[in-house]
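Engineer: Dock chain B against chain A, hints included.
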Amino acid sequence: QVHLVESGGGVVQPGRSLRLSCAASGFVFSVYSIHWVRQVPGKELEWVAVISIPDTNLFYSDSVKGRFTISRDNSKNTVYLQMNTLRPEDTAVYYCARGADLGGHPTQDYWGQGTLVSVSS
Amino acid sequence: DIQMTQSPSTLSASVGDRVTITCRASQSISSYLAWYQQRPGKAPKLLIYKASSLQSGVPSRFSGGGSGTEFTLTISSLQPDDVATYYCQQYDDYWTFGQGTKVDIK
Chain A
1 QVHLVESGGG VVQPGRSLRL SCAASGFVFS VYSIHWVRQV PGKELEWVAV ISIPDTNLFY
61 SDSVKGRFTI SRDNSKNTVY LQMNTLRPED TAVYYCARGA DLGGHPTQDY WGQGTLVSVS
121 S
Chain B
1 DIQMTQSPST LSASVGDRVT ITCRASQSIS SYLAWYQQRP GKAPKLLIYK ASSLQSGVPS
61 RFSGGGSGTE FTLTISSLQP DDVATYYCQQ YDDYWTFGQG TKVDIK
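Top line first, the protein sequences correspond to chains A and B.
For the record, in the first sequence the residue sitting at position 18 is 18 according to this note's numbering, with numbers rising by one throughout.
For the record, in the second sequence the residue sitting at position 39 is 39 according to this note's numbering, with numbers rising by one throughout.
Derived by calculation from the structure, the hints in this document are not laboratory data.
Keep in mind that the hints are not guaranteed to be accurate.
[Unchecked claim] Computed cross-link-like contacts, BS3-like style, restricted to lysine-lysine with a CA-CA straight-line distance of at most 27 Å: (1) K106/B x K50/B; (2) K76/A x K65/A; (3) K42/B x K106/B; (4) K50/B x K76/A; (5) K45/B x K43/A; (6) K50/B x K43/A; (7) K45/B x K106/B; (8) K76/A x K106/B.
[Said to hold, decoys possible] Beyond 12 Å from chain A on every Cβ pair, some chain B residues (computed): (9) D1; (10) G16; (11) V19; (12) R61; (13) Q79; (14) D82; (15) V83; (16) D93; (17) D104.
[Unchecked claim] Label pairs and their calculated CB-CB ranges: (18) D81/B x S120/A: 29 to 37 Å; (19) R67/A x S76/B: 17 to 25 Å; (20) S28/B x V28/A: 33 to 41 Å.
Just so you know, these numbers come straight off a predicted model, no measurement behind them.
Virtual Cβ for every residue (Gly too), placed ideally from N, Cα, C.
Here chain A stands alone, though its shape is the one from the complex:
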């Protein structure tokens, strides 16, 4: 059974940093890409970043490019999202999701339960 668990969220002041983790189980982690998607409570979903396989290419949304870094440790079945220079508009629930090739292009098939990041002074 595919299982993704996010951790590391919390309250942080503007300009500070936070690192989120996504621990995966129930599938062969090393052959799947992993995404981060965020959601301001009550609002729509926004794709944030992906770390792909097998070439470990990294892609980011324009809203976080240059401030956030996605990485993975296949020995720990874990993906990280390092978030620097945080802004109030980064406040959201952050989900990690498994990427799968669905009909020729990849998208997210299984999601974790999310971790809340609140950026406030």
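Structural biologist: Only chain B this time, still in chain A's reference frame:
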């Protein structure tokens, strides 16, 4: 960037009703369209991919259609368990979501 627009924003229907949600893309996305269900306080769940392919384990009352720029999600017989917000997503060029359609029981 490809923009996704859903209608309606909210929908109230009776148990057993057939309901349809529409999603429009700002440019052609072929059939790279997914639908997700998000129950209150829960993570999104994939229902449909490639516009009309039903994800494993999803009830057959859910169906999807369309191609190019116009897509639909249909629930053939609305059930209490279907109360949720539904999002379309294009995955032709990166990933963008619609603003969501909240479905509840009348």
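Engineer: Now look at each hint and say whether the structure bears it out.
Structural biologist: We went through each hint and held it up to the structure:
As the CA atoms of K106/B and K50/B are separated by approximately 31 Å, the hinted pair breaks the 27 Å bound. This hinted pair checks out: K76/A and K65/A have alpha carbons roughly 26 Å apart, not beyond 27 Å. With a C-alpha separation of about 22 Å, the suggested pair K42/B and K106/B falls inside the 27 Å cut-off, and the hint holds. Only pairs whose Cα atoms come within 27 Å are accepted, and K50/B paired with K76/A is rejected, the gap being roughly 32 Å.
With a C-alpha separation of about 16 Å, the suggested pairing of K45/B with K43/A holds against the 27 Å cut-off. A threshold of 27 Å between alpha carbons decides the hint, and for K50/B with K43/A the separation of about 24 Å falls inside it, so the pair holds. As the CA atoms of K45/B and K106/B are separated by approximately 23 Å, the hinted pair is consistent with the 27 Å bound. The hinted pair formed by K76/A and K106/B fails the criterion: a straight-line CA distance of about 47 Å is larger than 27 Å.
Distance check for D1/B against chain A: the nearest CB is about 8 Å away, which does not clear 12 Å, and the non-interface claim fails. With a least CB separation of 29 Å from chain A, G16/B remains clear of the 12 Å interface cut-off, as annotated. The beta carbon of V19/B is kept farther than 12 Å from every beta carbon of chain A, the shortest such distance being approximately 20 Å. Every Cβ of chain A is farther than 12 Å from the Cβ of R61/B; the closest lies at roughly 20 Å, confirming the non-interface assignment.
Against the 12 Å criterion, Q79/B stays outside the reach of chain A, whose nearest CB is about 22 Å from its own CB. The non-interface label for D82/B is consistent with chain A: the shortest C-beta to C-beta separation is roughly 18 Å, beyond 12 Å. Listed as a non-interface residue, V83/B keeps its Cβ farther than 12 Å from every Cβ of chain A; the least gap is roughly 16 Å. Chain A draws D93/B into its interface by the beta-carbon criterion, the shortest separation being 9 Å against a cut-off of 12 Å.
Residue-level check passed: D104/B sits 15 Å from the nearest beta carbon of chain A, beyond 12 Å. Judged by the Cβ atoms, the range 29 to 37 Å given for D81/B and S120/A holds: they are separated by roughly 36 Å. Checking the proposed 17 to 25 Å range against R67/A and S76/B shows it is violated: the Cβ atoms sit about 45 Å from each other. The hinted range of 33 to 41 Å is satisfied by S28/B and V28/A, whose Cβ atoms lie roughly 34 Å apart.
Checked against the numbered hints given earlier, the structure breaks hints 1, 4, 8, 9, 16 and 19 and satisfies all the rest.
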